[in-house]
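Asks: Please model the complete structure; the sequences and the hints are all you need to start from.
Each chain, written out:
Protein chains: 2
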Amino acid sequence: MNAFNPDQFDQNALQQLQRQLRSEFETLKSAGLSLDLTRGKPSADQLSLSDSLDGILAGNYKSDSGTDTRNYGGLDGLPEAKALAAQALDVDVSDVLIGGNSSLTLMYQSILFAYMFGLNGEASAWKNETKAKFLCPVPGYDRHFSICEDFDIEMISVPMDENGPIMDEVEKLIANDTSIKGIWCVPRFSNPTGISYSDEVVDRIARLGNIASDNFRVFWDNAYAIHHINKDAAPIKCLLQAARDAGCEDSVLMFGSTSKVTFAGAGLAYMAASAKNLAAFKNHLGIASIGPDKVNQLRHVKFFGDFDGLLAHMDKHAALLKPRFDAVLSALNTHFGDSDALTWTTPEGGYFVSVDTQQGLASSVVAMAAELGVKLTPAGATFPYGNDPENRNIRLAPSFPTVDDITKAMEIFVLCVKLATVNAKLAD
Amino acid sequence: MNAFNPDQFDQNALQQLQRQLRSEFETLKSAGLSLDLTRGKPSADQLSLSDSLDGILAGNYKSDSGTDTRNYGGLDGLPEAKALAAQALDVDVSDVLIGGNSSLTLMYQSILFAYMFGLNGEASAWKNETKAKFLCPVPGYDRHFSICEDFDIEMISVPMDENGPIMDEVEKLIANDTSIKGIWCVPRFSNPTGISYSDEVVDRIARLGNIASDNFRVFWDNAYAIHHINKDAAPIKCLLQAARDAGCEDSVLMFGSTSKVTFAGAGLAYMAASAKNLAAFKNHLGIASIGPDKVNQLRHVKFFGDFDGLLAHMDKHAALLKPRFDAVLSALNTHFGDSDALTWTTPEGGYFVSVDTQQGLASSVVAMAAELGVKLTPAGATFPYGNDPENRNIRLAPSFPTVDDITKAMEIFVLCVKLATVNAKLAD
Chain A
1 MNAFNPDQFD QNALQQLQRQ LRSEFETLKS AGLSLDLTRG KPSADQLSLS DSLDGILAGN
61 YKSDSGTDTR NYGGLDGLPE AKALAAQALD VDVSDVLIGG NSSLTLMYQS ILFAYMFGLN
121 GEASAWKNET KAKFLCPVPG YDRHFSICED FDIEMISVPM DENGPIMDEV EKLIANDTSI
181 KGIWCVPRFS NPTGISYSDE VVDRIARLGN IASDNFRVFW DNAYAIHHIN KDAAPIKCLL
241 QAARDAGCED SVLMFGSTSK VTFAGAGLAY MAASAKNLAA FKNHLGIASI GPDKVNQLRH
301 VKFFGDFDGL LAHMDKHAAL LKPRFDAVLS ALNTHFGDSD ALTWTTPEGG YFVSVDTQQG
361 LASSVVAMAA ELGVKLTPAG ATFPYGNDPE NRNIRLAPSF PTVDDITKAM EIFVLCVKLA
421 TVNAKLAD
Chain B
1 MNAFNPDQFD QNALQQLQRQ LRSEFETLKS AGLSLDLTRG KPSADQLSLS DSLDGILAGN
61 YKSDSGTDTR NYGGLDGLPE AKALAAQALD VDVSDVLIGG NSSLTLMYQS ILFAYMFGLN
121 GEASAWKNET KAKFLCPVPG YDRHFSICED FDIEMISVPM DENGPIMDEV EKLIANDTSI
181 KGIWCVPRFS NPTGISYSDE VVDRIARLGN IASDNFRVFW DNAYAIHHIN KDAAPIKCLL
241 QAARDAGCED SVLMFGSTSK VTFAGAGLAY MAASAKNLAA FKNHLGIASI GPDKVNQLRH
301 VKFFGDFDGL LAHMDKHAAL LKPRFDAVLS ALNTHFGDSD ALTWTTPEGG YFVSVDTQQG
361 LASSVVAMAA ELGVKLTPAG ATFPYGNDPE NRNIRLAPSF PTVDDITKAM EIFVLCVKLA
421 TVNAKLAD
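Here the protein sequences line up with chains A and B, keeping their order. UniProt numbering applies: residue 1 is where the first sequence begins, and numbers increase by one. UniProt numbering applies: residue 1 is where the second sequence begins, and numbers increase by one.
Among the hints, erroneous ones may be present.
To be verified - A short list of chain A residues far from chain B (calculated; beta carbon distances all over 12 Å):
(1) Gly286
(2) Glu348
(3) Asn423
Stated by the list, open to error - The following label-pair restraints were derived from C-beta to C-beta distances:
(4) Lys231/A <-> Leu33/B: 57 to 65 Å
(5) Asn283/A <-> Glu154/B: 18 to 26 Å
(6) Lys231/A <-> Gly66/B: 29 to 37 Å
(7) Glu149/A <-> Pro159/B: 42 to 50 Å
Simulated from the structure, these hints should not be mistaken for lab results. Just so you know, even glycine gets a beta-carbon here, dropped at the ideal spot from N, CA and C.
Replies: Right, dumping it as C-alpha cells:
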C-alpha cells in the first residue's frame with residue numbers, strides 16, 4: 001500500500017476510499033482478534049533473562065559488607081546494591097537510598113512526606129498552601145498524574161518538544177506562581193514520547209530551584225535511564241550534579257528501578273537526592289517501614305556482578321525489544337511516512353511509541369481499534385485529568401506482545417487511523 | 001542466691017547488702033561485656049530454618065493459579081499466598097490483602113489513608129477532626145506510637161491486665177469522645193507483656209464500632225498470631241468474625257506478617273478487613289504501588305506447602321526460642337520469685353518478657369545495666385511519648401542472643417534491679 005494522503009483526493013476518491021476501508025474494517029471485525037498494546041510491561045522472554053535470580057545466593061545470605069540480609073535493619077539499603085544504583089543514576093553512593101520494589105512508591109512517599117510533613121521542616125509542608133500545584137510536561141505518565149490527583153494537587157500541563165519540556169514556559173510559570181511545588185520529568189526515553197532531554201534542558205531544570213519556592217522539588221523519574229534500544233543513544237546529563245553546580249541540590253529528587261531490568265514487581269527501586277532531602281525522607285520512612293527486602297538486593301548484586309554486567313544485561317533486553325519497535329515503526333513508515341495523517345517520534349529506547357493523529361481523532365481511533373479486538377491505551381491517558389485538549393495523542397506499547405501480534409495489531413491500528421481520518425475529512 | 005527480700009532487712013543489713021552489690025557491680029564493670037537484650041529480632045538459627053526459600057522455585061515462576069509472578073499486576077497478592085495468610089489470621093481468603101514486606105507499612109498506610117482521604121469517603125478523613133486521638137493499651141509497641149506521633153494523633157494510655165486492655169475504661173473513653181479514631185492492639189503474646197486477649201475482651205473490642213464514631217478503626221496487630229513457645233497456648237478469638245457478628249465489621253483492621261516466620265524484612269505482610277475497607281485501601285494503594293513482590297509470595301507458598309507446613313515450621317522456632325525464654329525466666333524466678341522487687345508475666349509465645357520494677361526505678365536499672373555493657377530497651381519506650389508515668393516497665397528481648405549471653409546478661413540485670421531497689425530503700 002502506498003503512503004496515505006487523503007488531502008490529494010477529491011470527494012469521489014475519498015468516498016471510494018472510505019468504502020474500501022469500511023469493507024476492510026468489517027472483514028477484520030469478523031476475525032475476532034484479541035490483541036493488546038496498552039501496557040508498558042516486559043515480555044516473558046525479557047523476564048526469562050533474569051530467571052537465575054532465584055537460587056543465586058546458594059545458601060549464602062551474607063553480603064560482602066557483612067550484613068545478614070535475612071534480618072531486620074538497613075533502612076536505606078545494602079551498600080553493594082547502593083553502589084549499583086548509584087551507577088545507574090550516575091550519582092555518588094552517598095546520594096542513594098534503595099527502597100522496596102517500586103519507584104512509584106518512592107515517588108508517592110516523597111510527595112506524601114513533602115505534603116504532610118515538609119522535607120525542610122514543618123513550615124515547608126505543601127498542605128500549608130491554599131492549593132499546591134505541579135507542572136506536567138505532556139504527553140506524560142498517567143500514574144504520575146494519579147498521585148497528584150490523590151493529594152488534590154492541581155496539575156498544569158506544559159508542552160514538550162524533542163528536547164524536553166518547553167523551558168521558557170516552565171520558567172515563566174514557576175517565576176509567577178510560588179504555589180507550584182513540583183514538576184514531573186521522565187528525562188530519558190520519555191514516557192510516552194521516547195525523547196530524551198537535551199543538556200540545555202537538564203541545566204535549566206537544575207536551576208529551577210533558584211527561581212522556585214524553597215519547597216519546590218523536581219521529580220526526576222529516570223525510569224528508562226539504561227533502557228536503550230539503540231546502543232548509541234546519547235546519555236543524558238546528571239540532574240543532581242547540575243543542580244549542585246547551580247547551588248540548589250535540594251530542589252531535585254531522582255528515581256529509578258530495576259522493574260524493567262530484572263522482574264517487574266520483584267526488582268529494586270531507588271532514589272538519589274541531597275543529604276538533606278535523604279535525611280528528611282528517612283525520618284518518616286523509618287516510621288513507615290521496617291526496611292527494604294535486603295535478600296532481594298543481595299540477589300541483584302550477585303546477579304549483575306557489577307555495572308558492566310548490568311549494562312550487558314540491558315543489551316539483551318534491547319535485542320528483544322528492537323524487532324518489536326521495528327514492527328511498529330515499519331507499519332507507521334510504510335503507511336504514513338509521507339502523510340500528514342499521523343506524526344510520531346522514533347524512540348532510541350524506553351517502552352513506547354507516541355503518535356499524534358489529526359486533531360480530534362485519537363478517541364475514535366482507540367474506539368475503532370477496540371471494535372476490532374485491539375486494546376490501546378485510552379485516548380487522553382497521557383494528559384492530566386485524562387484530558388488531551390486536542391484529542392490527538394495515542395501511546396503504543398509494543399514490549400509485551402510477540403512481533404507477529406504487533407504486526408497484526410498495527411495493521412488494524414493503521415486501518416483505524418485511515419478510516420478516522422477519511423471520515424473526518426468527509427464530515428468537514 | 002536466695003530470693004531477694006530487702007523489706008525484711010534492717011538498715012544495717014541493707015547497707016551491707018548495698019556494699020556487697022556495689023562490689024559485684026564494680027567487678028562486672030571491669031569485665032567489659034557487650035550484650036544486647038533490646039531487639040525483638042530472630043536469631044541466626046531461626047533465620048536458617050528458612051534458608052531454602054532462595055532457589056525453591058527451581059526456575060518455575062508461574063503460580064498454580066497461572067500468574068507469571070515475574071511481571072506486573074496483582075495488587076492484593078497471589079491467591080495461593082492469600083489462602084495461607086487467611087489461615088494465619090483465621091479469616092476468609094476474600095478478607096485478605098497481601099502487601100509488601102512489612103505489616104508496619106500496611107498499618108502506616110491504613111492510618112495515612114484514613115487520615116488523609118477517609119476509608120469511608122472524604123468526609124470520614126481524620127484530618128477533618130480538630131485533633132484525632134488513639135487509645136494505646138500500655139505497655140505497648142513503640143513503633144505504633146511513632147506512627148501516631150508522625151500524624152500528630154494524640155495518644156491516650158489505657159491500662160491492661162492479663163486479659164487485655166481494661167475494657168470498662170476503653171468503652172467509657174470512646175463513648176465520651178468522638179474524636180477517638182482508633183486503638184492499638186497486639187492481641188496474642190502481646191508486645192511486650194506476652195499476654196493474650198481473652199474471648200470476652202475480643203468480643204468487647206469487636207463491639208466498639210457500635211459505640212464509636214463511624215470512622216473509628218481497631219488496629220489489630222496480630223504480629224505473634226502463630227508464634228507460640230508453649231504449643232498448648234490457647235488460641236484467640238477472631239476479631240473480624242466477632243465484629244461481623246456484632247454488625248460492625250467495618251470497624252476493625254487486622255495485620256500480620258512472616259517477618260518472624262521466615263526472614264525479617266524479606267517475608268510477606270498481610271491484612272484482613274471488610275470488603276468495604278479493603279476496597280477503600282486498594283483505591284489508594286493502587287496509586288502508591290505497582291503491586292507487591294509476587295515472586296517472594298510464590299517462594300513462601302512453595303516453602304510452606306500448606307498451613308500445616310507453616311505450623312510445623314513454627315514449632316521449630318519455638319524449640320529455638322524456649323531455652324532463651326527459660327534463661328530469662330529462670331533468672332527472674334531464682335532471684336525474685338518470692339520478692340516484691342520485680343513482677344513479670346510468663347509469656348507462652350511472642351518475643352518479649354515484660355518486667356515491672358518498683359516504682360520509679362526502671363530508668364536507673366537500664367542505665368546501670370548499660371554501664372555494665374548490657375543494652376536494654378530504654379525505659380519508657382513501651383509507653384506513648386516514651387513516658388512511663390510510674391517509671392517501672394522494662395522490656396526484655398531474648399530471641400537474638402545465645403542462651404549463654406542471655407544468662408550473662410540476666411546476671412547483670414538481676415544485680416542492677418537489686419542495687420536500684422536497695423539504693424531506693426536506703427534513700428527513703
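Asks: Now tell me if each hint is right for this structure.
Replies: Hint check results:
| no. | hint | in the structure |
| --- | --- | --- |
| 1 | Gly286 | violated (8 Å) |
| 2 | Glu348 | holds (24 Å) |
| 3 | Asn423 | holds (35 Å) |
| 4 | Lys231/A <-> Leu33/B: 57 to 65 Å | holds (58 Å) |
| 5 | Asn283/A <-> Glu154/B: 18 to 26 Å | holds (20 Å) |
| 6 | Lys231/A <-> Gly66/B: 29 to 37 Å | holds (36 Å) |
| 7 | Glu149/A <-> Pro159/B: 42 to 50 Å | holds (44 Å) |
Hint compliance for this structure: hint 1 alone is broken.
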